[in-house]
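Participant: According to the working numbering, the sequence shown is numbered sequentially starting from 15.
The reader is advised that the hints may include incorrect statements.
[To be verified] Computed list of lysine-lysine pairs in PhoX-like fashion (alpha-carbon distance at most 20 Å, straight line):
{"#": "1", "residue 1": "Lys69", "residue 2": "Lys101"}
{"#": "2", "residue 1": "Lys189", "residue 2": "Lys155"}
{"#": "3", "residue 1": "Lys189", "residue 2": "Lys134"}
{"#": "4", "residue 1": "Lys285", "residue 2": "Lys264"}
{"#": "5", "residue 1": "Lys298", "residue 2": "Lys285"}
{"#": "6", "residue 1": "Lys264", "residue 2": "Lys320"}
{"#": "7", "residue 1": "Lys100", "residue 2": "Lys69"}
{"#": "8", "residue 1": "Lys101", "residue 2": "Lys125"}
{"#": "9", "residue 1": "Lys125", "residue 2": "Lys100"}
{"#": "10", "residue 1": "Lys320", "residue 2": "Lys114"}
These are computed hints drawn from the structure, not numbers from a lab.
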Amino acid sequence: MMLCAVIVVKAQIDNRLHWYNGQITFQASHIEHNNVLMEAMDEGEEHEFILRYVKEVNPNHQVYLTANGTHDYVNLYGVGNTMRHKKAEGLDVLCFYDDKDRLAAVISGEKEWDAEKLNKSRWLSQFIGEYVTEEENEVEKILNWTWESLSFNGIIFPYDIITFNGRVTGYITIKPVEGSTNELEGTWEIVPTLRGFHLYFVNTEKGDTPWEWQRNGVEYDLVESDPNVGRFFYASTTLLNDHQFRFFDKSTLRIIRNAILARHGYRFQSKDLQDYFASEPWYKPAASNDGIRLSFLEQLNVDLIKQMEGE
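All chains, please: the whole structure from these sequences, using the hints.
Facilitator: Next up, the structure:
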């Protein structure tokens with residue numbers, strides 16, 4: 015008598031994780047036929063889509079197709095698009111592709127459930143560091159931005175990142191410190207630049223939401239002060255699936271994408287990129303590009319930025 019072994023394929027998308035797309039977190043539920051239901055709530059609006067299992071490439075790579083859920087809820091990922099679930103180098107991600115097989119979006123598996131907390135962390139990652147003011151006829155001042163506080167000329171001030179319905183608005187409120195004169199006290203708009211960021215003081219009394227606030231003319235131009243770190247170091251350590259990074263224009267996105275390559279000593283063919291990175295003290299050109307290998311996270315970021323540049 016011959017016995018046949020029945021192999022049962024189980025969905026590899028972990029329903030204990032919270033699946034974060036850069037704005038909101040989805041909850042995964044395993045349903046029939048090895049499919050997965052993805053659900054989320056955002057600003058009172060329900061989101062839902064189904065991932066229909068296609069095949070397993072290997073234990074760390076499965077292929078699905080997107081489909082609508084059973085309710086008339088928002089489906090951000092369309093119908094019939096390819097999704098590849100991949101695990102590598104400590105990352106657990108859902109990679110969505112367009113009809114030209116270009117990476118269009120990434121959802122990462124996170125232990126943190128609070129999307130607002132994740133939004134703040136991802137946005138803040140692009141600003142952590144030390145900066146100097148760059149203004150004509152002004153004495154240079156030093157600003158050090160950490161996860162917990164801002165120090166300005168050696169005085170430490172707490173701050174809050176302003177959100178609206180859990181989304182980062184691009185504004186912060188710097189709090190007063192008793193006994194210290196704080197020229198930064200108040201609400202500021204943060205605008206990222208190629209060399210650092212701009213601080214614009216805003217009047218919050220002329221509107222109920224950040225989009226109605228007005229700049230009052232007081233501003234600072236902050237420039238990254240450590241030449242050995244580089245402005246876009248975070249692009250090699252932080253998954254750029256946060257829509258806050260879309261504030262950059264295409265020329266800056268091109269610099270960010272190539273900064274990832276430059277970290278590995280990539281030798282550029284374009285004269286403008288050669289000149290730009292040659293001026294960066296941290297850039298050490300490799301003998302050739304043959305041995306250069308990006309990390310899994312870096313390759314995801316390169317592909318995501320390409321998609322942003324092409325929009």
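Participant: So which of those numbered hints doesn't the model satisfy?
Facilitator: none
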